[in-house]
Amino acid sequence: MTPDLNSRPRLAPGCRLGENNQQRVLLMPERALRLNGPSLEIVERCDGKHTVQQIIADLQKIYSKAAPQKVEQDILGYLALLQKDRALDFET
Amino acid sequence: MPNDLSNPLALIAELTHRCPLHCVYCSNPLEMQTRSNELPTDIWSRIFREAAALGVLQADFTGGEPLARPDIIELIRSARSAGLYVNLITSGLPLDETKLAALITAGLDHIQLSFQGAREDTANEISGTKSHLQKLRVLEWLKQHRVAVTLNFVIHRRNIDQLPEMLAIAESSCATRIEFANVQYYGWAFANRENLLPTRAQLDQSLAFIKSAQERLQGRIRIEYVVPDYYAKYPKPCMGGWGRKLMLITPSGDALPCHAAQIIPGLAFENVKSRSLREIWEHSAAFQKFRGEAWMQEPCKTCDRREQDFGGCRCQALLLAGDAASTDPVCSLAPQRPKVDAILAGMNAAPPAQLFVKPAWLYRGNPA
Chain R
1 MTPDLNSRPR LAPGCRLGEN NQQRVLLMPE RALRLNGPSL EIVERCDGKH TVQQIIADLQ
61 KIYSKAAPQK VEQDILGYLA LLQKDRALDF ET
Chain F
1001 MPNDLSNPLA LIAELTHRCP LHCVYCSNPL EMQTRSNELP TDIWSRIFRE AAALGVLQAD
1061 FTGGEPLARP DIIELIRSAR SAGLYVNLIT SGLPLDETKL AALITAGLDH IQLSFQGARE
1121 DTANEISGTK SHLQKLRVLE WLKQHRVAVT LNFVIHRRNI DQLPEMLAIA ESSCATRIEF
1181 ANVQYYGWAF ANRENLLPTR AQLDQSLAFI KSAQERLQGR IRIEYVVPDY YAKYPKPCMG
1241 GWGRKLMLIT PSGDALPCHA AQIIPGLAFE NVKSRSLREI WEHSAAFQKF RGEAWMQEPC
1301 KTCDRREQDF GGCRCQALLL AGDAASTDPV CSLAPQRPKV DAILAGMNAA PPAQLFVKPA
1361 WLYRGNPA
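Which chain is which? The protein sequence lines are R and F, in order.
Mapping of the first sequence onto the numbering used here: position 8 corresponds to residue 8, and the numbering continues sequentially without gaps.
Counting from 1 along the second sequence, just add 1000 to a position and that's the residue number in the numbering used here.
Since the hints were made in silico from the structure, they are not lab data.
Note that the Cβ used here is the ideal one computed from N, Cα and C, for glycine as well.
Incorrect hints may appear among the rest.
Claimed, not checked - Between beta-carbon pairs, the in silico distance windows are: (1) Gly37/R to Tyr1231/F: 38 to 48 angstroms; (2) Gly1107/F to Lys49/R: 42 to 52 angstroms; (3) Leu5/R to Asp1121/F: 48 to 58 angstroms.
Said to hold, decoys possible - When the alpha-carbon atoms are kept at most 30 angstroms apart in a straight line, the in silico DSSO-like pairs for lysine-lysine are as follows: (4) Lys84/R to Lys1273/F; (5) Lys1099/F to Lys1143/F; (6) Lys1273/F to Lys1289/F; (7) Lys1289/F to Lys1358/F; (8) Lys1143/F to Lys1233/F; (9) Lys1289/F to Lys1236/F; (10) Lys1236/F to Lys84/R; (11) Lys61/R to Lys84/R; (12) Lys1143/F to Lys49/R; (13) Lys1143/F to Lys1236/F; (14) Lys1358/F to Lys1130/F; (15) Lys1236/F to Lys1301/F; (16) Lys84/R to Lys1233/F; (17) Lys1143/F to Lys84/R; (18) Lys1211/F to Lys1245/F; (19) Lys1211/F to Lys84/R; (20) Lys1339/F to Lys1273/F; (21) Lys1358/F to Lys1339/F.
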């Protein structure tokens, strides 16, 4: 499932950012994901305001040394993974 | 933290053994703690702070029925302010709309509502009380709130054929996650095993149903299916490995590596009233007993899977093989596997009329 570029991902109910021992984590029912660098940048933008397209554009700027196409693919892959974990709602 | 010792990720807080239900497979010990032995609010608050400092991310409030604690709101607030993700596992019986809203305002992240079946008669029979309709009411109230909702259906011979109806209940709710967990056989469930264990035909049918449901609902509802250990080829990595990821605190403050650990002879448990969580995690003899690999016997000792399943469940090894350090007898490589096969063969060969007659259940009692 590839997310729609114009949809606005938002953390699903009961999913939120947390921190433990200086490590940022995505807390969700019965699991937690460590967030570093790009994954943290992505999750911080899953606020129901940024579109998928805007998240891609932001990260392409932040990681300007990486190939833009690669950044886009990685983001779509990561969002699909979070969706499969039921950590995201996509608002349209 | 000493070398090679990971920190616990979740704290299972058994707040009380009191419960309005009498489920025939309850995971509580046969001998339960009374209300007068329950830890007070301030000790629980200290435990939550110590847990967060130790690296714990999530607190699972369970029981018994955790809502039987009059200080439940304060407990949620203190766990949340310690930095923990707060998960409540409840029957939903003591809830009304006001109480539910208060729990969520206090910082509850995730509510797990237990179901004993999809139909009122089955559910009430299994829980030994009228409980089913109240759960359906709670599901309606939850639609007004922003909180993660999991429906926990406990599965066995008497309700496994209701999976499609259970799924329909979940789909008409706001749940983002469903646990269909087959009963495992310890404690009360062990005593009622001959009436709970599903047939192989039932299990096969359930696996096919779950697979198609998972595909259809991907991205909408996460569905977890836990099969009975007895039917598995390899054991589960019980508790993620002994003393590796989880810590359970009983209502009176004993720190255990798993729900049933108290049945294992010779283990002495530390109590949080006299020890910090860190001391217990790092040094308690009970937590070290089956940590790592030194305790393992053959075939585990040299098995390629020992880092995946950690030898399976110690309590199951004790119950079925009589030795808590032996390979979990549900493992197809275990010397004691024939015992499990004999249990399954006997049950699967019995005439259906005998398997589906209403049994004389041993109901879970209730502490004072």
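Right, here's what the structure says about each hint:
Between Gly37/R and Tyr1231/F the beta carbons are some 43 angstroms apart, a value that agrees with the proposed interval 38 to 48 angstroms. Separated by about 24 angstroms at the C-beta atoms, Gly1107/F and Lys49/R break the suggested range of 42 to 52 angstroms. For the hinted restraint 48 to 58 angstroms between Leu5/R and Asp1121/F, the CB-CB distance of approximately 50 angstroms keeps it satisfied. Distance hint between Lys84/R and Lys1273/F is unfulfilled; the C-alpha atoms sit about 42 angstroms from each other, more than 30 angstroms.
Straight-line distance between C-alpha atoms of Lys1099/F and Lys1143/F comes to about 15 angstroms, which keeps the hinted pair within the 30 angstroms bound. Distance check on the hinted pair: Lys1273/F and Lys1289/F sit about 22 angstroms apart at the alpha-carbon level, within 30 angstroms; holds. Note on Lys1289/F and Lys1358/F: the hinted pairing is violated, with a Cα-Cα distance of about 41 angstroms set against a maximum of 30 angstroms. Our distance criterion of 30 angstroms between C-alpha atoms is broken by Lys1143/F and Lys1233/F, whose separation comes to about 40 angstroms.
Distance check on the hinted pair: Lys1289/F and Lys1236/F sit about 19 angstroms apart at the alpha-carbon level, within 30 angstroms; holds. With a CA separation close to 23 angstroms, the supplied pair Lys1236/F and Lys84/R stays within the 30 angstroms bound. Proposed proximity of Lys61/R and Lys84/R is supported: the alpha carbons are some 27 angstroms apart, at most 30 angstroms. For the suggested pair Lys1143/F and Lys49/R, the alpha carbons sit about 23 angstroms apart, so the restraint of at most 30 angstroms is met.
Annotation: proposed proximity of Lys1143/F to Lys1236/F is violated, straight-line Cα distance about 34 angstroms (limit 30 angstroms). At most 30 angstroms may separate the alpha-carbon atoms for a hinted pair to count; Lys1358/F and Lys1130/F meet this at roughly 17 angstroms. At roughly 17 angstroms between alpha-carbon atoms, Lys1236/F and Lys1301/F fall within 30 angstroms of each other, so this suggested pair holds. Straight-line distance between C-alpha atoms of Lys84/R and Lys1233/F comes to about 27 angstroms, which keeps the hinted pair within the 30 angstroms bound.
Straight-line distance between C-alpha atoms of Lys1143/F and Lys84/R comes to about 22 angstroms, which keeps the hinted pair within the 30 angstroms bound. For the proposed pair Lys1211/F and Lys1245/F, the alpha carbon gap of about 28 angstroms is at most 30 angstroms, so the pair holds. Using a Cα cut-off of 30 angstroms, the hinted pair Lys1211/F and Lys84/R holds, with the two alpha carbons roughly 15 angstroms apart. Simply put, Lys1339/F and Lys1273/F have alpha-carbon atoms about 41 angstroms apart, too far for the 30 angstroms limit, and the pair is violated.
Distance restraint check for Lys1358/F and Lys1339/F: the Cα-Cα separation of roughly 26 angstroms lies within the 30 angstroms cut-off, and the hinted pair is therefore satisfied.
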